[in-house]
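Q: Please build the complete structure, drawing on both the sequences and the hints.
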Amino acid sequence: MRNLLPRETWALMQAQPEAVLIDIRMEIESMYVGRPPGAINIPWYEYPEFTTDVAAFCRQ
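In this text, residue positions in the sequence shown follow this note's numbering: the first is 317, and each later residue adds one.
None of these hints come from the bench; they were simulated from the model. It cannot be assumed that every hint is accurate.
Unchecked claim - Pair ranges (Cβ atoms, derived):
# : residue 1 : residue 2 : range
1 : 349       : 375       : 28 to 34 angstroms
2 : 358       : 328       : 15 to 21 angstroms
3 : 350       : 375       : 16 to 22 angstroms
4 : 321       : 353       : 17 to 23 angstroms
5 : 356       : 327       : 18 to 24 angstroms
6 : 361       : 319       : 14 to 20 angstroms
Where is the CB? At the ideal position from N, CA and C, for every residue including glycine.
A: Laid out in structure tokens, this is it:
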């Protein structure tokens, strides 16, 4: 999956309500600037084995 701009992400989330947004920022970053409604926080630094194959990561 390619990186999306914030507006593109919002449009995608509105068009596909079943989509899941995974926020990979650290918790402190999310606390400072906020988190989009419904986003799931999985901090990248805690899960360095996280790959772009999200389905494979979720099965772990």
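Q: Could you run down the list of hints and mark each one as holding or not?
A: Quick rundown of the hints versus the structure:
1. 349 - 375: 28 to 34 angstroms: Check passed, 30 angstroms falls within 28 to 34 angstroms.
2. 358 - 328: 15 to 21 angstroms: 19 angstroms, holds
3. 350 - 375: 16 to 22 angstroms: With a Cβ separation near 30 angstroms, residue 350 and residue 375 fall outside 16 to 22 angstroms, so the hint is violated.
4. 321 - 353: 17 to 23 angstroms: 18 angstroms, holds
5. 356 - 327: 18 to 24 angstroms: The hinted range 18 to 24 angstroms holds for residue 356 and residue 327, with Cβ atoms some 19 angstroms apart.
6. 361 - 319: 14 to 20 angstroms: 18 angstroms, holds
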